[in-house]
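Number of protein chains: 2
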Amino acid sequence: MQRYFIDQAYQPTVEITGESHHHMSRVMRMTAEDQVFLVFNDQTAIKARITAIDNEKVMLEEVEKERLQRELPIQITIASGFPKGEKLELIVQKGTELGAHAFIAFPGDSSVAKWDAKKQNKKQQRLNKIAQEAAEQSHRQALPKVNFTSEKELMAAFADYDAVLIAYEESAKQGEKAQLVQTFQQLQADQKLLVIFGPEGGLTPREIELFQTAGAKLCGLGPRILRTETAPFYLLSAASFYYELQY
Amino acid sequence: MQRYFIDQAYQPTVEITGESHHHMSRVMRMTAEDQVFLVFNDQTAIKARITAIDNEKVMLEEVEKERLQRELPIQITIASGFPKGEKLELIVQKGTELGAHAFIAFPGDSSVAKWDAKKQNKKQQRLNKIAQEAAEQSHRQALPKVNFTSEKELMAAFADYDAVLIAYEESAKQGEKAQLVQTFQQLQADQKLLVIFGPEGGLTPREIELFQTAGAKLCGLGPRILRTETAPFYLLSAASFYYELQY
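Protein chains in written order, with UniProt numbering: chain P, 1 to 247; chain R, 1 to 247.
Same shape as in the complex, but just chain P (with noise of 0.2 angstroms):
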């Protein structure tokens, strides 16, 4: 069934314009009676049914709440160091797919991609649509954002979170492995745990030193060295799993 993100606060009826009326109306030709799932800002998701539609605006009555709890208990933000190319399309796809609460992007020592302000914009643009696409398509109950931000404005944003790690691999080569099961038994729910990644070449000695200055603890992802695309996705099936599959 199809899913739409709605930027409001619950409520049990729904008048619905703009983007998701066309997706309803046009691409899907929906009609009175249809049944979607919405999702409104403050996470709660409903089965929602279509009572009535014209060319401006769908008026929907919830059928019922949506009874799985599809987010992580705690809320995961994936900071990655600019990397090449198409690589940030598909830490935000995956890592979207896979359970992520939002993305920062920063320019890492290490990063050879340079964007300026508009290209950065345009950047962002696309992709929050990406996550946008992939949250409905992966039954997310609350939508990733995408955030580009500064070194200092990543650094002052530390004391947001419950806990910050540093994906680091050194740590995975000298075989540090207590670090993120640790972090994963200290967290409580609804706590948020901020990870950094680095760009292809890594985090510098500067960043490392850095960012653990600010409170920020090194960490392994096991014994294999992982491209900075592929980390993310690690960390977040990880936590899935400790957290949705194991208790």
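Do not take every clue at face value.
[Said to hold, decoys possible] Calculated cross-link-like contacts (lysine to aspartate or glutamate; reagent style EDC-like; alpha-carbon spacing at most 16 angstroms):
id: 1; chain 1: P; residue 1: K152; chain 2: P; residue 2: E209
id: 2; chain 1: R; residue 1: K87; chain 2: P; residue 2: E89
id: 3; chain 1: P; residue 1: K177; chain 2: R; residue 2: E71
id: 4; chain 1: R; residue 1: K87; chain 2: P; residue 2: E86
id: 5; chain 1: R; residue 1: K217; chain 2: R; residue 2: E176
id: 6; chain 1: P; residue 1: K145; chain 2: P; residue 2: E71
id: 7; chain 1: P; residue 1: K114; chain 2: P; residue 2: E200
id: 8; chain 1: R; residue 1: K192; chain 2: R; residue 2: D162
id: 9; chain 1: P; residue 1: K47; chain 2: P; residue 2: E61
id: 10; chain 1: P; residue 1: K129; chain 2: P; residue 2: E19
id: 11; chain 1: R; residue 1: K123; chain 2: R; residue 2: E89
id: 12; chain 1: R; residue 1: K122; chain 2: R; residue 2: E86
id: 13; chain 1: R; residue 1: K47; chain 2: R; residue 2: D34
id: 14; chain 1: P; residue 1: K87; chain 2: R; residue 2: E86
id: 15; chain 1: R; residue 1: K57; chain 2: R; residue 2: E33
id: 16; chain 1: R; residue 1: K129; chain 2: R; residue 2: E89
id: 17; chain 1: R; residue 1: K177; chain 2: P; residue 2: E71
id: 18; chain 1: P; residue 1: K87; chain 2: R; residue 2: E89
Quick caveat, the hints were computed from the structure, so don't treat them as lab data.
Chain P is fixed; fit chain R onto it per the hints.
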């Protein structure tokens, strides 16, 4: 340090010709005393030193064995119903990084892609090349192979595995969450697990019934609906977290 997969059993002094010789001498312009990692087809991995190099061969001798165990304790084979476009390339590349032991591609009932023998042969070569590059990059100690089989061949191979799972979207929708953990708990080191993933559109009821009758078990991968190429990443990451970080 550069990594080479050598298709022969371990020996402390080695003579290398062919493609790896070309890469060492021409691409990397290596000379005597340079060091590389060599991985033999019995999964022995060593650091080796070049003792001599000429236009036809490279002579190397062992410096030391690689200490870190980089292979998952269980051998996981990923079987994918032919997906669209370049998705198999993505599955093989990222799946190799994440530790898959082997890959099988089979024609699923819902597969849109139809490859004739010639196209299939070419695709298989390409995929094995991708697996090799990913194995080198991720520091694997075993080189995953990619094979194309019929449904009949896939099922005949069930007997070679200690457990067979079906990643099934409907299981996820219904909140099934015990099977994966149970399977991991039951498998011992060096045992073999086959996991079957449908193409886009999923496995059909006919396929599910067929595989189940042959002993495969349905398995959910968390409450979000994963794309056909994302589900194997989840499975492999969860296995690594379970076997390599938690215990």
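Is the hinted pair K114/P and E200/P satisfied, with a Cα-Cα distance of at most 16 angstroms? holds (14 angstroms)
Compare the distance between the alpha carbons of K192/R and D162/R with 16 angstroms, and conclude whether the hinted pair is satisfied. holds (5 angstroms)
Measure nothing beyond the straight line between the CA atoms of K217/R and E176/R; if it is 16 angstroms or shorter, mark the hint as holding. Given that 16 angstroms is the threshold and the Cα spacing comes to 12 angstroms, the pair holds.
Is the Cα-Cα distance between K123/R and E89/R 16 angstroms or less? holds (9 angstroms)
Satisfaction of hint between E86/R and K87/P, Cα-Cα up to 16 angstroms: Given pair K87/P, E86/R holds - Cα atoms ~15 angstroms apart, limit 16 angstroms.
Can you confirm whether the C-alpha distance between K87/R and E89/P stays at or below 16 angstroms? holds (15 angstroms)
Distance restraint between K145/P and E71/P, which requires alpha-carbon spacing of 16 angstroms or less: The given pair, whose Cα atoms are some 15 angstroms apart, holds under the 16 angstroms limit.
Is the hinted pair K152/P and E209/P satisfied, with a Cα-Cα distance of at most 16 angstroms? holds (14 angstroms)
For the pair supplied as a hint, K57/R and E33/R, confirm whether the alpha-carbon distance does not exceed 16 angstroms. holds (15 angstroms)
K129/R and E89/R were given as a pair; does the straight-line alpha-carbon distance stay at or below 16 angstroms? Given that 16 angstroms is the threshold and the Cα spacing comes to 10 angstroms, the pair holds.
Checking one constraint from the list: CA of K177/P to CA of E71/R, max 16 angstroms. Satisfied? holds (15 angstroms)
Check the hint pairing K177/R with E71/P against an upper bound of 16 angstroms on the C-alpha distance. holds (15 angstroms)
Hint violations for this structure: none, all hints satisfied.
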